[in-house]
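So the chains spell out like this:
Number of protein chains: 2
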Amino acid sequence: MSYYKHHVFFCTNQRDDGARCCGASGGQAMRDYAKKKIKALDLNGEGKCRINSAGCMDRCSEGPVLVVYPEGTWYTFVDEQDIDEIIERHLQHGQIVERLKI
Amino acid sequence: MSYYKHHVFFCTNQRDDGARCCGASGGQAMRDYAKKKIKALDLNGEGKCRINSAGCMDRCSEGPVLVVYPEGTWYTFVDEQDIDEIIERHLQHGQIVERLKI
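Same order as they appear, the protein sequences are chains A and B.
Heads up: the first sequence begins at 1 in our numbering, then just goes up one per residue.
Heads up: the second sequence begins at 1 in our numbering, then just goes up one per residue.
Possibly wrong hints are sitting among the right ones.
As the list makes no split between identical chains, a pair holds if one copy fits it or if it spans any two.
[Unchecked claim] Think about it this way: if two alpha-carbon atoms lie no more than 27 Å apart in a straight line, the pair counts; the simulated BS3-like pairs of lysine-lysine are:
1) K48 with K5
2) K101 with K36
3) K101 with K48
Please keep in mind that the hints were generated in silico from the structure rather than gathered at the bench.
Bound-form chain A, shown alone:
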């Protein structure tokens, strides 16, 4: 069994050249929001969920992106409502959020 039921990686990469990049396009802010929310919902920890920041995952043009493992589901997102939906539907109920899937 997986150490974390859902291990979520947000690209929080920031590029020095000012090019479009997940971190500056909401990746960092939404990772911070998700981490706080997962803790508030008591979903954080072994056997449950882990929210992680990650470096560039090389899907920049589709960003900002996150990936949920072990499922390997990739999402893009705009705002806190999108993150709420991913948490509630995917992390809590195991359903893919098709409208945000890439």
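Following the hints, put chain B in place on chain A, whose structure we already have.
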């Protein structure tokens, strides 16, 4: 199918308080080494492998750690020889390196 056949996350976290932490215990250096080696072996890219840095994955006492998804296999490591073995046996041949598994 998974976007990356093997998506590898190295904890490269550095703690300000000087406490034991993956990044300073080889996580950063071995991530850089693995990234270079994967490129040299032409294993990098969609359908193949991706080497990523990640923030704290909360297994500090077992660190330095990396995790390979979608398998969800966690490893600890000491030096380049350990990384070579993980790349050759796990990433190239799909075999678990039991001696480094946590």
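Status of each hint after checking the structure:
no., hint, result
1, K48 with K5, "both (5 Å within a copy, 24 Å between copies)"
2, K101 with K36, "within (22 Å within a copy, 30 Å between copies)"
3, K101 with K48, "both (22 Å within a copy, 21 Å between copies)"
Hint compliance for this structure: no hint is broken.
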